[in-house]
Structures are given as structure tokens and as C-alpha cells.
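*Asks:* Sequence:
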Amino acid sequence: MKQTLVLAFSFLAFLTNLPSAFSDNAPTPVLDVMNNTVETDRQYYIIPSIRGPPEVFRGRSVKFTTGGDSTVVLTGQNLVIEFVNKPECAESGKWEVILDFKFPVPYVGISAQQRVVSGSFQIQKYRFGVGYKLVFCRDGGETCLNIGRFDAKNGEDGTRLRLDDPDPFDVVFVEAFEDK
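Numbered by my numbering, the letters in the sequence shown go through residues 36 to 215 in order.
It should be emphasised that the hints constitute simulated quantities derived from the structure, not laboratory data. Misleading hints may appear alongside valid ones.
Calculated pairs, BS3-like style, for lysine-lysine (alpha carbon to alpha carbon, straight line, at most 25 Å) [said to hold, decoys possible]:
| hint | residue 1 | residue 2 |
| --- | --- | --- |
| 1 | K160 | K137 |
| 2 | K129 | K98 |
| 3 | K137 | K98 |
| 4 | K129 | K160 |
Derived DEER-like restraints, expressed as beta-carbon distance ranges [stated by the list, open to error]:
| hint | residue 1 | residue 2 | range |
| --- | --- | --- | --- |
| 5 | R162 | L134 | 15 to 21 Å |
| 6 | P62 | P139 | 29 to 35 Å |
| 7 | T100 | V152 | 26 to 32 Å |
| 8 | D186 | F212 | 18 to 24 Å |
Think of the CB as a built atom: it goes at the ideal place given N, C-alpha and C, for glycine as much as any other residue.
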């Protein structure tokens, strides 16, 4: 009886203390569409995981910077995202979250003259592990906010990336062998 009880408690302890590798929240390498690891010493296009005619143009390639020594980008890891070739009109290609009272929600931009929210970006798994989503985590905050797409319909050409979207932008990464 004692042996059975000890065995049962040992098994229960094992189940409740499984390594975090079996958890959905455990950091794992981010993979590109070719199933290669996304790395800080390479350039990537961030594109919708489900593409249609409007998404044929890939835009500008980006690079990722982490605070660690490894070149492999992990899910849930704090990142700096930056355009490889910044627009000529911008001082920097670094992505920032901007508070602009002319726009209804905080949005992702570069070379902000407005108020910038301090924090970092992360890549998280999304939709059954097929794609990823981008999130922004404010410094000192415990939660991260989804980044989604928003058409302001205010005469701007294109769509902005915005914070706190209930429908996150479902993305994949394509290695950019040369940025045009």
C-alpha cells in the first residue's frame, strides 16, 4: 500500500512539474516560411500568413536585435525591430510605438516626433503554430498588447500597424536575400 501511494505521489509530482519545454508559453525558435530559424544576422520580410492580391508587395525588409548573445530569435523574447534600409525622409528605421492624439490608438511608426511609448516588441506563436503575431510589451508592464492592422480611412495610402487590436496581424517571415 505504501509503495503504491509513494508511486502515485511521485507520478503526480512528475506530471505537475513537467519542464517548460512542454508548455505553449515556453520560448522556442521563431521559424521562417522555409522552416529555418529566424536570426539576428539576417534580413526578413514580415508578411501576412494568409496572403491575397493586396499582399503581393512585400515592403521593406527588417532586422531583429535581441539583448542576448545568440543570433536565434525566440518567441517571447524582447526585440528591437528596424528597417534595413530606412526611408529617406526618416532619421531612423527603428520601430516605435507612438501616441498621437490625431490618431485614435497607439500605432507602430519610425522616427517619431510624437510621444513614444517605452517598451519592446515580441514575436509569439499564433493560430495553432502555423503563424506568429507581433506584440508590444510596455516597460514595467506585465501584459503585452497585440499588434493588428488598421485602415485609418483618412486619406493615407495604406494600412497602419496598431496596438491593442482584438484581431492580431497573423504573420510569417520570409528571408530577404537582398533589400530593394
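*Asks:* Within 26 to 32 Å or not, the Cβ separation of T100 and V152?
*Replies:* Check failed, 18 Å falls outside 26 to 32 Å.
*Asks:* Check the hint pairing K129 with K98 against an upper bound of 25 Å on the C-alpha distance.
*Replies:* holds (10 Å)
*Asks:* Please verify whether K129 and K160 have alpha carbons no more than 25 Å apart.
*Replies:* holds (23 Å)
*Asks:* Given the range 15 to 21 Å, decide if the beta-carbon distance of R162 to L134 lies inside it.
*Replies:* Given about 29 Å between the Cβ atoms, the range is violated.
*Asks:* Between P62 and P139, is the Cβ distance one that fits in 29 to 35 Å?
*Replies:* holds (33 Å)
*Asks:* Is the hinted range of 18 to 24 Å satisfied by the C-beta distance from D186 to F212?
*Replies:* For F212 against D186, whose Cβ atoms are near 31 Å apart, the range 18 to 24 Å is violated.
*Asks:* Could you grab the alpha-carbon distance between K137 and K98 and see if it respects the 25 Å cut-off?
*Replies:* The hint is violated at about 29 Å.
*Asks:* If you draw a straight line from the CA of K160 to the CA of K137, is it 25 Å or shorter?
*Replies:* Violated, because 32 Å separates the two Cα atoms, which is more than 25 Å.
Checked against the numbered hints listed earlier, the structure breaks hints 1, 3, 5, 7 and 8; every other hint is satisfied.
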